[in-house]
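Those protein sequence lines, which keep their order, are chains A and B. Just so we're aligned: the first sequence equals residues 31 to 456 in my numbering. Just so we're aligned: the second sequence equals residues 3 to 378 in my numbering.
No lab work stands behind these hints, which were simulated from the structure alone. Mixed in with the good hints there might be a few duds.
List of simulated lysine-lysine pairs, DSS-like, C-alpha gap at most 30 Å [what the hints assert, rightly or not]:
| id | chain 1 | residue 1 | chain 2 | residue 2 |
| --- | --- | --- | --- | --- |
| 1 | B | K304 | B | K354 |
| 2 | A | K164 | B | K151 |
| 3 | B | K153 | A | K149 |
| 4 | A | K85 | B | K144 |
| 5 | A | K70 | B | K80 |
| 6 | B | K321 | A | K149 |
| 7 | B | K43 | A | K70 |
| 8 | B | K286 | A | K149 |
| 9 | B | K105 | A | K70 |
| 10 | A | K149 | B | K151 |
| 11 | A | K70 | B | K81 |
| 12 | A | K70 | B | K30 |
| 13 | B | K322 | A | K149 |
| 14 | A | K400 | A | K368 |
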Amino acid sequence: MPTLLVTTFGITVWLLSDRDHLPASVQDSFKAAPEPMRWKLEFEPSATAAVINAKDPETLVRQIYQHLGEGERAQALDTARAMTTRFPTFQLGQLLYADLLNISSLQPIEGVDLDADTKPSAMRRLEELVMEAKRRMTRPAPQALEGQVPAAVAYLASQQPYLAAVDASRSRLYWFANRTGPDGRLKLELLKETYVSIGINGVGKVKEGDGKTPIGVYFIQKNLPGATLPDLFGSGALTLSFPNAVDAMRNKTGSGIWLHGTPSAQYSRAPEATDGCVVQANAEMEDLLRLPGWRMTPVVIAEKLDWIASGQVPTVYTQFQPTLDQWLADRQNGDAEKLKPYYSQRFERDALDLSHWWPKLAQGVQGPRKAKPLEVVSVLHWNDGEETMVVTMSDPNIRDKRQAVYLRTYWQKEAGQWKLVFEGPT
Amino acid sequence: MILVLPVALGLAGAMTAQAALTPQDNIKQAIQAGQLDQALKLVQQERQASPKDVQLRFLEGVVQAQQGQTDKAIETFKKLTESNPELSEAYNNLGVLYASKGKLEESRASLEKALLTHPSYAAAHRNLSDIQSQLAKQTYAKALQVDGKVKNNTPQLTLLGSMAPHKRAPAQALAQAAPVTAVPVAAPIAPQAPAPAADTAKPAIAVPVAVPPGATAAAAPAPAATKPAAAAPAVAVAPTPSAPSVSAPKPEPKKEDAQPKQAKADSTDIRNAVLAWAKAWSQKDMNRYLGAYASSFTPPDKMSRTKWESDRRTRIISKKTISVDVNNLKIEATGNKATARFQQIYESDNFKGNSHKTLEMVKQGEHWLITRETVN
Numbered sequence: 031m032p033t034l035l036v037t038t039f040g041i042t043v044w045l046l047s048d049r050d051h052l053p054a055s056v057q058d059s060f061k062a063a064p065e066p067m068r069w070k071l072e073f074e075p076s077a078t079a080a081v082i083n084a085k086d087p088e089t090l091v092r093q094i095y096q097h098l099g100e101g102e103r104a105q106a107l108d109t110a111r112a113m114t115t116r117f118p119t120f121q122l123g124q125l126l127y128a129d130l131l132n133i134s135s136l137q138p139i140e141g142v143d144l145d146a147d148t149k150p151s152a153m154r155r156l157e158e159l160v161m162e163a164k165r166r167m168t169r170p171a172p173q174a175l176e177g178q179v180p181a182a183v184a185y186l187a188s189q190q191p192y193l194a195a196v197d198a199s200r201s202r203l204y205w206f207a208n209r210t211g212p213d214g215r216l217k218l219e220l221l222k223e224t225y226v227s228i229g230i231n232g233v234g235k236v237k238e239g240d241g242k243t244p245i246g247v248y249f250i251q252k253n254l255p256g257a258t259l260p261d262l263f264g265s266g267a268l269t270l271s272f273p274n275a276v277d278a279m280r281n282k283t284g285s286g287i288w289l290h291g292t293p294s295a296q297y298s299r300a301p302e303a304t305d306g307c308v309v310q311a312n313a314e315m316e317d318l319l320r321l322p323g324w325r326m327t328p329v330v331i332a333e334k335l336d337w338i339a340s341g342q343v344p345t346v347y348t349q350f351q352p353t354l355d356q357w358l359a360d361r362q363n364g365d366a367e368k369l370k371p372y373y374s375q376r377f378e379r380d381a382l383d384l385s386h387w388w389p390k391l392a393q394g395v396q397g398p399r400k401a402k403p404l405e406v407v408s409v410l411h412w413n414d415g416e417e418t419m420v421v422t423m424s425d426p427n428i429r430d431k432r433q434a435v436y437l438r439t440y441w442q443k444e445a446g447q448w449k450l451v452f453e454g455p456t
Numbered sequence: 003m004i005l006v007l008p009v010a011l012g013l014a015g016a017m018t019a020q021a022a023l024t025p026q027d028n029i030k031q032a033i034q035a036g037q038l039d040q041a042l043k044l045v046q047q048e049r050q051a052s053p054k055d056v057q058l059r060f061l062e063g064v065v066q067a068q069q070g071q072t073d074k075a076i077e078t079f080k081k082l083t084e085s086n087p088e089l090s091e092a093y094n095n096l097g098v099l100y101a102s103k104g105k106l107e108e109s110r111a112s113l114e115k116a117l118l119t120h121p122s123y124a125a126a127h128r129n130l131s132d133i134q135s136q137l138a139k140q141t142y143a144k145a146l147q148v149d150g151k152v153k154n155n156t157p158q159l160t161l162l163g164s165m166a167p168h169k170r171a172p173a174q175a176l177a178q179a180a181p182v183t184a185v186p187v188a189a190p191i192a193p194q195a196p197a198p199a200a201d202t203a204k205p206a207i208a209v210p211v212a213v214p215p216g217a218t219a220a221a222a223p224a225p226a227a228t229k230p231a232a233a234a235p236a237v238a239v240a241p242t243p244s245a246p247s248v249s250a251p252k253p254e255p256k257k258e259d260a261q262p263k264q265a266k267a268d269s270t271d272i273r274n275a276v277l278a279w280a281k282a283w284s285q286k287d288m289n290r291y292l293g294a295y296a297s298s299f300t301p302p303d304k305m306s307r308t309k310w311e312s313d314r315r316t317r318i319i320s321k322k323t324i325s326v327d328v329n330n331l332k333i334e335a336t337g338n339k340a341t342a343r344f345q346q347i348y349e350s351d352n353f354k355g356n357s358h359k360t361l362e363m364v365k366q367g368e369h370w371l372i373t374r375e376t377v378n
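Let's have the full structure, built from the sequences with the hints guiding it.
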């Protein structure tokens, strides 16, 4: 077994060096010019117990690295000890504590002696933990994200309380509160940003069982309490709307893509570990479940999230908006013939095409003029080779609770024109 | 110049408090307040009155260090350790100051000496270190989720067999003629320790944990009772599992028997000491290896002890493997001195050799330590 000390201590050195990227060789970081050793004066021996007031262990890991950076090894060790007591199933914390214990020893061990059949799994776990450490420690500080919003959001009506976004490359979930005012200018407040795990085979789900997390825009559907689920799902789950209309058109298969908690043996899971679900620590999951009105929250999942300055309208939305407005107006006027060109020949819903759906759609807009036009709740978009817009609207005319209040449409570009590829209640 | 110390220090300024402060307190407070020139002035003033005062000399060193006069501070602390070799604080500060000058080897040596001023601290430090690596191992297992699957090769800890002289009963402390520098007793407690056969020849062993309070060593006149010190609570430790928690001490033989038994016991102890030394060397266990040498050990070629230790350390640590075997061991012992002659079979990754070695040894407390090492 290679020296754990070197493996992980390498990260420490690298993290302390304030670099953006891993050095080509960790060795380089040891070549730094020697600094004269400093001392502090102490009159009475002081025994300072580490005070743990952080509620998540990641903050503690950061504190430990900070102590190390300041040359306070004893304090780093104390904090690590307290962290492992408080979060015993946080394996990354245990690894850090082990490293710190080891470097504090006169005779550091060179790894643990394991049976041949245990070794591979231990080595894999080590790699995972090192990766988790990197992901956690290199995540952008929340302050650095201030004034920025995920570029996938074009519009979010104030009635839609939250927006979530997952950056798979950083193993991070961002949960925003919608602070958009009556002027309709998008304004988001970052409520939470937390480490998440994604599919064991990464992102880009295509078929059932591929161990990948889907990329695109999904919506939270319902809550499954942890008590009703196996231990693997931890404190509970929020289900996502995979496969969406476009996924179905592309014949993507699979189901049960959830946002859920962690099993009791692990505070957090490896960055890439799930069957396709997005997994976060139970405490974080509970926080989300406690939020009022999480239903229908859009969840953008990207391999790498694009960000834009808050208030800046994405160009793609500027191009799309006239089409949407015109469609809404034509729909309000109940002129079926004017509406027809908006619908793509590729239109698909429940595996049936436009020839099946058009009569029903046309019937829906005709008849007595409705008092109020549809209200747009959210507009999101993503580009995976094909540009897609997801527009969710609510119908203020519907008073009957048994009827669907929300209507969702998917739009794609065809020969420079935005066309509807899906329309249906939600 | 009027110094208003209490105000400057933000003390709840009662005049009585000021009056109660000793000159040393004033100096400390001046240092803490960063008034180093003032502190130095106070120190020098006080030193004129009592130039030998250890605390004042120490504080002078501290002030010099804080002023950045590292060389001066080193000189001060060095002199202090020469006149007061028991001052662990001075050794510690020397270690820090050397380190600040980049002299890491000197720093290491000084810090080690700080620990050696209290052999029990050195042992505790070593034990703590062993426990930390053991804990690290367990924690790695938890981190990698392979709990219970880690093979166990536990480190050898050190159980102290005797207490420092000043902690013994006053009467015995007086009885101890020489100012013995207590040496930590490396009593192997791990099962792999070689079990010397000569059980019967051993002094009655009392293991404090296994013996009811009423039946401690003090109650049982041990055969080693040639000196009053032996009746002290200094307890020998069962070095082997074959000496299981020794039950109630046997009725002791008469004093006449005790003498030849003592010689035999010594011979066994010397033998064990030599074997332990060879084993420590083989295992590259520098603490135990260097611990086998008496403080009065004469290094070869008029080398200083520090230089010799660091040479040995470099030589031994650099080897991948070392094996030292002892053959034809012959021991001559008179009183508390002994000579051990044997054939030394040495083998390392790059050298193989056979030599006749002589170790001159001295008994310090319960332990036989090397005072001279020669090859003939």
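Status of the hints after comparison with the structure:
1. K304(B) x K354(B): holds, 27 Å
2. K164(A) x K151(B): Distance ~27 Å between K164(A) and K151(B) Cα, so the pair holds.
3. K153(B) x K149(A): holds, 12 Å
4. K85(A) x K144(B): Answer holds: K85(A) to K144(B) is near 21 Å, not above 30 Å.
5. K70(A) x K80(B): holds, 20 Å
6. K321(B) x K149(A): holds, 28 Å
7. K43(B) x K70(A): holds, 22 Å
8. K286(B) x K149(A): Given that 30 Å is the threshold and the Cα spacing comes to 28 Å, the pair holds.
9. K105(B) x K70(A): holds, 18 Å
10. K149(A) x K151(B): At roughly 10 Å apart (the allowed maximum being 30 Å), K151(B) and K149(A) satisfy the hint.
11. K70(A) x K81(B): Given pair K70(A), K81(B) holds - Cα atoms ~22 Å apart, limit 30 Å.
12. K70(A) x K30(B): holds, 14 Å
13. K322(B) x K149(A): Roughly 25 Å between the alpha carbons, so the hint for K322(B) and K149(A) holds.
14. K400(A) x K368(A): Since the Cα atoms of K400(A) and K368(A) sit roughly 17 Å apart, the hinted pair holds (cutoff 30 Å).
In this structure, every one of the numbered hints holds.
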